[in-house]
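Following the hints, put chains G and U in place on chain R, whose structure we already have.
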Amino acid sequence: MSRKLTRHEKALIRTRNKLSSPWSSAISIIIAVLWTIPTVGLLVTSFRDNRMAISTSGWWTSLSPSHWKDFGLGNYRSVLGGGYNLGAYFVNSFVITIPGVLIPITLALLAAYAFAWCEFPGKNILFVAVFALQVVPIQVTMIPLLSQYVKWGLNNTFWVLWLSHTMFGLPLAIFLLHNFMLDIPKELIEAAKVDGASHVQIFLKVVLPLMVPAIASFAIFQFLWVWNDLLVALAFAGNTPATAPLTSRLSDMVGSRGSAWYLLAPGAFIAMVVPVAVFLFLQRYFVRGMLAGAVKG
Amino acid sequence: MKGLALVVSSATLFGMAGCGSGNGSGDGSKKADSASCTAYKKYGDLSGKKISTYTPWIDQEGDATVKAFNEFANCTGAKVEHEGSRDMAAQLPVRVKAGSAPDVAIMPQLGMIKNMVATGKVKDVPAKAAANVKKYYSKDWQDYSTLDGKLVSIPVDANAKSFIWYSPKAFKEKGYKVPTTWDEMMDLTKKIADDNKGDTSVKPWSVGLEGGADSGWPGTDWLEDAVLRFTDADTYNKWVDHTIPFNDPKILAAFKEIGKILKDPAYVNGGFGDIQSIASTAWQDAGTPLVDGKGYLMHMALFYQSNYQTANPDIKIAKDGDVWAFPMPSKDAQHKSMIGGGDFAIAFSDKPEVQKFEEFLSSPEYANARAKAMTGWITANTGLDEKNLKPIDKLAYESLTAEGTTFRFDASDMMPAEVGTGSFWKQMIAYFAQNKSEQQVLDAVEESWPSDVK
Amino acid sequence: MDFILHPDSNLSKLLAMLLAILIFVGVMALILFLTNLPKRMPSWGVAVMFLLPSVALVCFGLLYPTIVTFRDSFYGRDGNEAVGFANYVKIFSEPQFVQVLINTILWTVLVPLCSTAIGLLYAVLVDRTRFEKLAKSLIFLPMAISMVGASIIWKFVYDQRVGLLSAAYTGLAHLFGNKTVSAPQWLMSSPLNTFLLIFVMIWIEAGYAMTVLSAAIKAIPDDLTEAARLDGVDARQQFFYVTVPMIRPSIVVVLTTVAMAGLKAFDVVRTMTAGNYGTSVIANEFYTQSFQYQNTGLGAALAVIMFIVVIPLIVFNVHQMRKSQDVR
Numbered sequence: 000m001s002r003k004l005t006r007h008e009k010a011l012i013r014t015r016n017k018l019s020s021p022w023s024s025a026i027s028i029i030i031a032v033l034w035t036i037p038t039v040g041l042l043v044t045s046f047r048d049n050r051m052a053i054s055t056s057g058w059w060t061s062l063s064p065s066h067w068k069d070f071g072l073g074n075y076r077s078v079l080g081g082g083y084n085l086g087a088y089f090v091n092s093f094v095i096t097i098p099g100v101l102i103p104i105t106l107a108l109l110a111a112y113a114f115a116w117c118e119f120p121g122k123n124i125l126f127v128a129v130f131a132l133q134v135v136p137i138q139v140t141m142i143p144l145l146s147q148y149v150k151w152g153l154n155n156t157f158w159v160l161w162l163s164h165t166m167f168g169l170p171l172a173i174f175l176l177h178n179f180m181l182d183i184p185k186e187l188i189e190a191a192k193v194d195g196a197s198h199v200q201i202f203l204k205v206v207l208p209l210m211v212p213a214i215a216s217f218a219i220f221q222f223l224w225v226w227n228d229l230l231v232a233l234a235f236a237g238n239t240p241a242t243a244p245l246t247s248r249l250s251d252m253v254g255s256r257g258s259a260w261y262l263l264a265p266g267a268f269i270a271m272v273v274p275v276a277v278f279l280f281l282q283r284y285f286v287r288g289m290l291a292g293a294v295k296g
Numbered sequence: 000m001k002g003l004a005l006v007v008s009s010a011t012l013f014g015m016a017g018c019g020s021g022n023g024s025g026d027g028s029k030k031a032d033s034a035s036c037t038a039y040k041k042y043g044d045l046s047g048k049k050i051s052t053y054t055p056w057i058d059q060e061g062d063a064t065v066k067a068f069n070e071f072a073n074c075t076g077a078k079v080e081h082e083g084s085r086d087m088a089a090q091l092p093v094r095v096k097a098g099s100a101p102d103v104a105i106m107p108q109l110g111m112i113k114n115m116v117a118t119g120k121v122k123d124v125p126a127k128a129a130a131n132v133k134k135y136y137s138k139d140w141q142d143y144s145t146l147d148g149k150l151v152s153i154p155v156d157a158n159a160k161s162f163i164w165y166s167p168k169a170f171k172e173k174g175y176k177v178p179t180t181w182d183e184m185m186d187l188t189k190k191i192a193d194d195n196k197g198d199t200s201v202k203p204w205s206v207g208l209e210g211g212a213d214s215g216w217p218g219t220d221w222l223e224d225a226v227l228r229f230t231d232a233d234t235y236n237k238w239v240d241h242t243i244p245f246n247d248p249k250i251l252a253a254f255k256e257i258g259k260i261l262k263d264p265a266y267v268n269g270g271f272g273d274i275q276s277i278a279s280t281a282w283q284d285a286g287t288p289l290v291d292g293k294g295y296l297m298h299m300a301l302f303y304q305s306n307y308q309t310a311n312p313d314i315k316i317a318k319d320g321d322v323w324a325f326p327m328p329s330k331d332a333q334h335k336s337m338i339g340g341g342d343f344a345i346a347f348s349d350k351p352e353v354q355k356f357e358e359f360l361s362s363p364e365y366a367n368a369r370a371k372a373m374t375g376w377i378t379a380n381t382g383l384d385e386k387n388l389k390p391i392d393k394l395a396y397e398s399l400t401a402e403g404t405t406f407r408f409d410a411s412d413m414m415p416a417e418v419g420t421g422s423f424w425k426q427m428i429a430y431f432a433q434n435k436s437e438q439q440v441l442d443a444v445e446e447s448w449p450s451d452v453k
Numbered sequence: 000m001d002f003i004l005h006p007d008s009n010l011s012k013l014l015a016m017l018l019a020i021l022i023f024v025g026v027m028a029l030i031l032f033l034t035n036l037p038k039r040m041p042s043w044g045v046a047v048m049f050l051l052p053s054v055a056l057v058c059f060g061l062l063y064p065t066i067v068t069f070r071d072s073f074y075g076r077d078g079n080e081a082v083g084f085a086n087y088v089k090i091f092s093e094p095q096f097v098q099v100l101i102n103t104i105l106w107t108v109l110v111p112l113c114s115t116a117i118g119l120l121y122a123v124l125v126d127r128t129r130f131e132k133l134a135k136s137l138i139f140l141p142m143a144i145s146m147v148g149a150s151i152i153w154k155f156v157y158d159q160r161v162g163l164l165s166a167a168y169t170g171l172a173h174l175f176g177n178k179t180v181s182a183p184q185w186l187m188s189s190p191l192n193t194f195l196l197i198f199v200m201i202w203i204e205a206g207y208a209m210t211v212l213s214a215a216i217k218a219i220p221d222d223l224t225e226a227a228r229l230d231g232v233d234a235r236q237q238f239f240y241v242t243v244p245m246i247r248p249s250i251v252v253v254l255t256t257v258a259m260a261g262l263k264a265f266d267v268v269r270t271m272t273a274g275n276y277g278t279s280v281i282a283n284e285f286y287t288q289s290f291q292y293q294n295t296g297l298g299a300a301l302a303v304i305m306f307i308v309v310i311p312l313i314v315f316n317v318h319q320m321r322k323s324q325d326v327r
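Protein chains in written order, with numbering that gives the first Met the number 0: chain R, 0 to 296; chain G, 0 to 453; chain U, 0 to 327.
Okay, chain R solo, but in the shape it has when bound (with noise of 0.2 Å):
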């Protein structure tokens, strides 16, 4: 078992860390500034109030104090307001996400727990064949799964989104999971089983609680790619505000209104706001690692 380290040489080491890296500051500084500008242009853009002057001039020009009277809250007001409701389209979003998420990670953790830690014949070729059909462009699904869909009488009601999300994230998700389970030492399981525990007993008490940093780490994944879909929920339940996620709606703004860039930039950014807020959330669970550290060295 590994030694803690005392306070002091932590600090040691961070002292350390700082005075040796005048360059990684800067390099981290560097990266951190070019990954946020564009964001940042959006942000301006959706509070710049003068419709013309979005698409003769870069927001950067806006900025200067003789352009502040350019800023607003009249862009917002037009989307949240003016008949695009949006609210309905967010509820839509939220029942399509939750279960989208639940219930793949639930299935994948067992599957990813047979693959690790079950003996069984043909196992490497099947987890290599799970793997591999991650590749499988969902387009390619569209016209197989909507029939058989129809055929149950379920197409256009979100039983086939929740489906449909699941049977796409779970290549994936019992990849990733696999990974991270492998990573529990084997004599953790071992001792178990010797105390006479059975799998489910193991999977419950042993693995479910060590996978956690791992699980919150893959549910705030699978929550974007699912809250970000477009093409799942256009194909198998329409676009009609009984179903449609906020994507549908924010592409539907897009295509009609393509050049309306004072309403599309503050779309999006609402469009933002939970996936932020769920990251910013489930952030602590990550901090201390997907590789639950506390079981390692």
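Everything labelled a hint here was simulated from the structure, so no lab data went into it.
It cannot be assumed that every hint is accurate.
[Said to hold, decoys possible] Pairs of lysine to aspartate or glutamate, EDC-like flavour, derived with a Cα cap of 16 Å: (1) G:Lys40 / G:Asp291; (2) G:Lys120 / U:Glu131; (3) R:Lys204 / R:Glu189; (4) G:Lys133 / G:Asp123; (5) G:Lys96 / U:Asp233; (6) G:Lys173 / G:Asp291; (7) G:Lys113 / U:Asp77; (8) G:Lys371 / G:Asp349; (9) U:Lys322 / R:Asp182; (10) G:Lys335 / G:Asp231; (11) R:Lys204 / R:Glu186; (12) G:Lys259 / G:Asp139; (13) U:Lys89 / G:Glu446; (14) U:Lys38 / R:Asp194; (15) G:Lys237 / G:Glu445; (16) G:Lys173 / G:Asp321; (17) G:Lys138 / G:Glu402; (18) G:Lys49 / G:Asp349.
All of these numbers come straight from a predicted model, not from anything done at the bench.
Leaving out everything else, chains G and U in the frame of chain R:
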């Protein structure tokens, strides 16, 4: 964070249940028995029946469509569901193949209707609707709805594309006159260019081809107009159905005529930059320079009026106003040529209520209801009451129904999808983006013409 | 009971969702209960119970459509007439499609390499600094934005007139004394435009790479780093001889998943250039051929080529798996 999420979710729970997307349904339950329903008596009572429709219309266009459908719904008691999607053209074949076709689909591409009919799932136009089409539409329009001698679709609206937008105000100020022949138009172009030699940002023509996944179509309208004006109507037909190759010398000659405008740096691209900027300018933006005084002429269908209104609700669209349009002139003032398009309805169901709905779509009632619902809409239905049209729409309507005008359907909507929504669009973009020559553009489209479809 | 299938109010939608979750929880409980029932359940029995739902779903949702696609790729445009390898011949012989293949390979190689490199570098640099949380959030932000949103954002960078890139370009040109230069139409300048689009994808995926790799770095035992430091190893050496080997499995995972994402790239291309100006990739071309042009056969052949492109990736992963199994 939590507090915020709560506020959002409670607001969405209770506050917003309406529908502003243009998707939705007419509710038959509040059946109206007012005098306005007399024309609908013939459909009988359709309470409890449901009709699903699928169109490419969203937002205001979608809302207006729902409004027009609702007249039928409210008077007959049927429930008419409308789904509009920008990706309709790609999604409809998926649904048809998967067996979840809507009862009625409406679309502009005749080429696609041909594909749909080939699947064998499209139902015949019912007798009463067919009688309406015969009664209210000209021979040309009946022909567009006909495939191998059989009526397969119902025209539901139309648009007139061979128009040139200008600002009457600016023309008056500068003393420019609306040209009536092609030569006059070229002279005017030269005059505007000469008048603005000092200011490189001002050019006679403003052109924009960009439109996301649909980029390039305004370019095809330019070429189609040239073909109709510099060859003849018969050649146009042969060009469309590929009895002459896409790169026929006659087509090339016509193309070069518009090239004299589109490829002259002195003539384009007012308000946006160089020739290449034509490819990157959104077509929705292309009309702004006319209002700003950076451009004077824009070739664009009349439905562009709604773009002007969105940008500035107070804009005056009139013969003496801020913007107006004139028909693109031909070689001489006597010949008038008009390219237009339209949307057509096909049915995947032959339930009685669907057949009645088709009858409604082909009737003057629908035309008038839709015209009243939102301006910027016309139809070739001669039963339309012109009272319901704004001046600019009247201009379009007359150009479609006038005697002595050679009317031709938008070629790109009739060619196979590979060409009409593919290489033709893409090559018109390449004409500007990669500065391809007219010959190269035509050759590339010809090469892409699929050998396995006619 | 119609609300279960077609909920018509926000409240009933949420109820339907809760019901679905309850049903799912019930099924899961049943599976666990049944697995635990026999006194001595053999290992393979547990595997069957645990894998059955996932494998059944994957077979239905992914394997079955894949098989249909393989079959269609040898048929004509409406799927009725067998044409042998004609679709494949067309793809490999027409310059337009060859361009698509080249672009796809660029996407599949550059996106994972660059986003992993940047994500890793950044994760190491901000590790244990005071602003770690904020710094990570900034890089993660693009992940949270939908592809549609991302394309709107990048419009304001790549636009020739009002884009940031144009401003930076002309600004630099002025600095070096060239006052007359004007920025090119970025998204139309082939082959540069493909790289500009790839950069958008890197911008999105770097956040994913950073998050996963940062977690892996944090799992490296402290005493290992400590020991290295006491041996007088400098930061660069520590990175290459301690950090990278320790998190190697995670790097492989990230490279693999991001490569898959790059291979399947569709939204970025579709929304930004629609595949024009020589920027198309297989996923976009597949959509165009299958749905826009109704050419099922050609579309299917394009999809099959995606599977072929992924084979080296699978081989690489199997190799890595063997390696780490030997270690265990």
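Hints, one by one, checked against the model:
1. About 52 Å separates the Cα atoms of G:Lys40 and G:Asp291, which puts this hinted pair outside 16 Å; it is violated.
2. Restraint check for G:Lys120 and U:Glu131: not satisfied, since their Cα atoms lie roughly 60 Å apart, outside the 16 Å limit.
3. With a CA separation close to 14 Å, the supplied pair R:Lys204 and R:Glu189 stays within the 16 Å bound.
4. The hinted pair formed by G:Lys133 and G:Asp123 meets the criterion: a straight-line CA distance of about 15 Å does not exceed 16 Å.
5. Our distance criterion of 16 Å between C-alpha atoms is broken by G:Lys96 and U:Asp233, whose separation comes to about 63 Å.
6. Taking the CA atoms of G:Lys173 and G:Asp291, the gap is about 14 Å. The hint holds against a cut of 16 Å.
7. The straight-line distance between the Cα atoms of G:Lys113 and U:Asp77 is roughly 14 Å, inside the 16 Å bound, and the hint therefore holds.
8. Using a Cα cut-off of 16 Å, the hinted pair G:Lys371 and G:Asp349 is violated, with the two alpha carbons roughly 29 Å apart.
9. Note on U:Lys322 and R:Asp182: the hinted pairing holds, with a Cα-Cα distance of about 15 Å set against a maximum of 16 Å.
10. Under the criterion of a C-alpha separation no larger than 16 Å, the hint pairing G:Lys335 with G:Asp231 is consistent with the structure, at around 12 Å.
11. With a CA separation close to 15 Å, the supplied pair R:Lys204 and R:Glu186 stays within the 16 Å bound.
12. Note on G:Lys259 and G:Asp139: the hinted pairing is violated, with a Cα-Cα distance of about 32 Å set against a maximum of 16 Å.
13. Of the pairs offered as hints, the one joining U:Lys89 and G:Glu446 holds, with about 13 Å between alpha carbons and a cut-off of 16 Å not exceeded.
14. For the given pair, U:Lys38 sits about 15 Å from R:Asp194 by alpha-carbon distance, which is consistent with the 16 Å threshold.
15. Restraint check: the Cα-Cα separation between G:Lys237 and G:Glu445 comes to about 14 Å, which is no more than 16 Å; the hinted pair holds.
16. Using a Cα cut-off of 16 Å, the hinted pair G:Lys173 and G:Asp321 holds, with the two alpha carbons roughly 14 Å apart.
17. Distance restraint check for G:Lys138 and G:Glu402: the Cα-Cα separation of roughly 13 Å lies within the 16 Å cut-off, and the hinted pair is therefore satisfied.
18. The hinted pair formed by G:Lys49 and G:Asp349 meets the criterion: a straight-line CA distance of about 13 Å does not exceed 16 Å.
Comparing the model with each earlier hint shows violations of hints 1, 2, 5, 8 and 12; every other hint is respected.
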